[in-house]
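K.L.:
Generate the whole structure from the sequences, applying the supplied hints.
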Amino acid sequence: GAGVSQSPSNKVTEKGKDVELRCDPISGHTALYWYRQRLGQGLEFLIYFQGNSAPDKSGLPSDRFSAERTGESVSTLTIQRTQQEDSAVYLCASSLGRFSQETQYFGPGTRLLVL
Amino acid sequence: KQEVTQIPAALSVPEGENLVLNCSFTDSAIYNLQWFRQDPGKGLTSLLLIQSSQREQTSGRLNASLDKSSGRSTLYIAASQPGDSATYLCAAPPASGSARQLTFGSGTQLTVLP
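Chains as they are written, first to last, in the working numbering: chain U, 1 to 115; chain X, 1001 to 1114.
Since the hints were derived computationally from the structure, they do not count as laboratory data. All residues carry an ideal CB built from backbone N, CA and C; glycine is no exception. Hints are supplied without guarantee of correctness; some may be wrong.
[To be verified] Over 10 angstroms on every C-beta distance to chain U, these chain X residues come out as not near it, computed from the model:
#1 S1012
#2 R1061
#3 S1085
[What the hints assert, rightly or not] Below 27 angstroms or equal to it, Euclidean Cα-Cα: the simulated DSS-like pairs (lysine-lysine) are:
#4 U:K15 - X:K1042
#5 U:K17 - X:K1042
#6 X:K1001 - U:K57
#7 U:K57 - X:K1042
#8 U:K57 - U:K15
#9 U:K11 - X:K1042
[As the list claims (entries may be wrong)] Not everything, but these chain U residues come out facing chain X in the computed CB check (under 8 angstroms):
#10 A31
#11 Y33
#12 Q41
#13 G42
#14 F45
#15 F65
#16 F106
#17 G107
#18 P108
#19 G109
P.N.:
As structure tokens, then:
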């Protein structure tokens, strides 16, 4: 079956431009996560969606970052007025969202480079 | 705030060796402990998930243990192969709250030499 997919796989943009990253979770997964991995660093949690509940935005680093999810499907992460420190791999993960079935399945990531 | 540490940061071994990767966490109130592998240019692949009530999990040549009281987990790889070369990450979500966001260690980069 299809796994988590992300697009684009690579994105190069100029400082100050807005970018939009897309994540398609595994069908039937109610939980969706966005993480960021800067070069040489560990993964940082950004935002979490669970069904129709309000998202947990506690990991978003600034108000330039926002994310939306349509029901229990596609999610988009938007970065406005990009800065060079936003350069990273942005990973999306999904899970069934039920107790004892919390394995998170990750997409291949979007590599963002801000020049 | 949970902090996850992995030692060593890098490890190089000859093919066939058994090896142990270490993971420690500061807050024992975790929901589970997960091990992933990350290959260059690719996403993460889940290897093992140990529930907080469990002590270990096994999958093929991999065995992961969990000792919540000491804040430690180990990943044991038996009879290592060149295909095992990757970065191994451990991660844990908090036991409380509705979110299950993972706090990751910085990883152990494993190279298995043929």
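K.L.:
Which hints from the list above does the structure break, by number from lowest to highest?
P.N.:
15
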